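Trainee: All chains, please: the whole structure from these sequences, using the hints.
So the sequence shown is numbered by the numbering used here: it starts at 17 and just counts up by one.
Treat the hints loosely; a few may be bogus.
Derived CB-CB ranges, DEER-like [as the list claims (entries may be wrong)]:
hint : residue 1 : residue 2 : range
1    : K150      : P470      : 35 to 41 Å
2    : T406      : L210      : 28 to 34 Å
3    : L439      : F154      : 50 to 56 Å
Derived from the structure by calculation, the hints contain no laboratory data. Quick caveat, the model's predicted, so the values are computed rather than measured. Ideal Cβ placement from N, Cα and C applies to all residues, glycine included.
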Amino acid sequence: MATSGAAPPLRVQNYHEDGEQNLISQEEPSSSRGGWGAAIFIIFVEVAERFAYFGMAGNLITYLTNELHEPIPMAAKNVNTWVGVSSLLPLLGAFIADAFLGRFNTIFVSSIIYLLAMVLLTISVSVIPLHYQKAMFFVALYMLSVGLAGHKPCVQTFAADQFREDSPEEKKAKSSFFNWWYLGITVGASAAILVVIYVQDNVGWAAGFGILTGAMAVALAVFLFGYKKYRKQGPLGSPFTTVAQVFVAAVRKRHINGTSTGFGVYSRDDKDQHETRRFLAQTSQLRCLDKAIIIDHLDASSKNRNPWRLCSLNQVEEVKLVLRLIPVWMCCLLFAVVQSFVQTFFTKQGSTMIRSIGPNFKLPQASLQIFIGLTVAVAIPIYDRVFVPTARKFTGHSSGITILQRIGIGLFLSIISMMVAALVEAKRVGIVIDHNLLDNPKAIVPMRVWWLIPQYMVCGLSDVFTFVGLQEFFYDQTPEAMRSMGAAAYLSVVGVGNFICSAIITLVQAISSKSGEKWLTDNLNRAHLDYFYWLIAALSTLNLCVYVWIAKGFVYKKLEAEETGKEKELA
17 MATSGAAPPL RVQNYHEDGE QNLISQEEPS SSRGGWGAAI FIIFVEVAER
67 FAYFGMAGNL ITYLTNELHE PIPMAAKNVN TWVGVSSLLP LLGAFIADAF
117 LGRFNTIFVS SIIYLLAMVL LTISVSVIPL HYQKAMFFVA LYMLSVGLAG
167 HKPCVQTFAA DQFREDSPEE KKAKSSFFNW WYLGITVGAS AAILVVIYVQ
217 DNVGWAAGFG ILTGAMAVAL AVFLFGYKKY RKQGPLGSPF TTVAQVFVAA
267 VRKRHINGTS TGFGVYSRDD KDQHETRRFL AQTSQLRCLD KAIIIDHLDA
317 SSKNRNPWRL CSLNQVEEVK LVLRLIPVWM CCLLFAVVQS FVQTFFTKQG
367 STMIRSIGPN FKLPQASLQI FIGLTVAVAI PIYDRVFVPT ARKFTGHSSG
417 ITILQRIGIG LFLSIISMMV AALVEAKRVG IVIDHNLLDN PKAIVPMRVW
467 WLIPQYMVCG LSDVFTFVGL QEFFYDQTPE AMRSMGAAAY LSVVGVGNFI
517 CSAIITLVQA ISSKSGEKWL TDNLNRAHLD YFYWLIAALS TLNLCVYVWI
567 AKGFVYKKLE AEETGKEKEL A
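Mentor: This is the structure we're talking about:
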């Protein structure tokens, strides 16, 4: 539909908005498909994948330092770099899924690559000669990143797609789904930390990686077993084309001063009026992009619409949605920095402390991560079944609190985790000084490893709020045709955060070395890890202030149907 002032109406023949298709018509016709019956298969696949990932990543720094003999700062940066690459590559995987393969096919292909990478990792730690082992290990490690590139952005989105948004019951189930999804993957990660890491430390790395490889093989079989139950949709076209068209059209019409000059605005084609697709309502933010919907004399005189000169209102609002996500994304990067310490410095702290339980059992240093999983396992049911219904009575919001409020609480908790970690580390160093262990880095400090539990638990609680909130936020606020990209954007928070962490480590080492004592060294007893934690806590506090300011001005996605309903209620 086009509405015009002085300009004649624009004629568009057989037009569907670029980069979009009727999402409803692509779904399978059978009502028995989708829902929890299909989602449960996909959740199992993700549980197995997280089991494999954390069984390898959770103890990676131990393998690099103990088996490949890397210094602790170098090993920490290698872990951060690999996690960063693994979290950024999903942007490419999501693009391929949305534009070419579709989510189901992308998951299938990437799962095969993932499985092959796990096989290669197992071989590299078992039968490859020592002088080739490091090269082969890193080749397999980054091959695993390629598998993650297609797997991570699509699995959760594909599972959420099993719940229809035009059904009130399924829409409510979808909101709850994100909580239980995160609980499921936490169970997988916790099982790996308890079982696989123990096997790696006490039986052998080959046995540990062999278990992970078997888990991925079972996951792939289960995923294919549920084939007939899934709701599937094909590729929706390149999301980048849609974004580029809006920017190009807005720049071309930058000299036009709104619609007051007599030009019309382009809403959508008449044929779109009969489609069941959901359309976005117009918002007042980023008004400069609205120039892309203005019909000038050249548009009006053309028989067919040029998508690089004239875009639909829905297309422009989709680009606005994407741009509004960027500041929130940036404010979550320091949260990822804090969470990266769980697999690096927290683990090395634990290696210096008393880990024995009884006379015959010694807790693996990376196994303390289980307390994150236990915290999540307890907190999510309480959040979903107690907190949300209680908060709903006061706020009237279907989720109890808004998504951005949930994320903000998690950011605050991440600051608390750094403060707790700094205090515990200061106590550990104090005991080191009292027992004259400063120059004996391999000595076990007479301090129980249980002192680290509080910082792990606060990290787990912050995960419940921020990571789960980010998953729902990027799924809910991303345009429907870009939802794989939305999941990849959430994952890229972790990736960029790890790169920032590596940069901070390098910068801190360079600056602190000039004062005579490096804050981060191989000898944690001589290092000042507590100072480093306080620095991150201070930066995170500043970041939280910026986040609150951004969140207060954020405009959530609005649909035409919802806005029309509000107008009728007011009338």
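Trainee: If a hint holds in the structure, say so; if it does not, say that too.
Mentor: A quick look at each hint next to the structure:
| no. | hint | verdict |
| --- | --- | --- |
| 1 | K150 <-> P470: 35 to 41 Å | holds, 36 Å |
| 2 | T406 <-> L210: 28 to 34 Å | holds, 33 Å |
| 3 | L439 <-> F154: 50 to 56 Å | violated, 36 Å |
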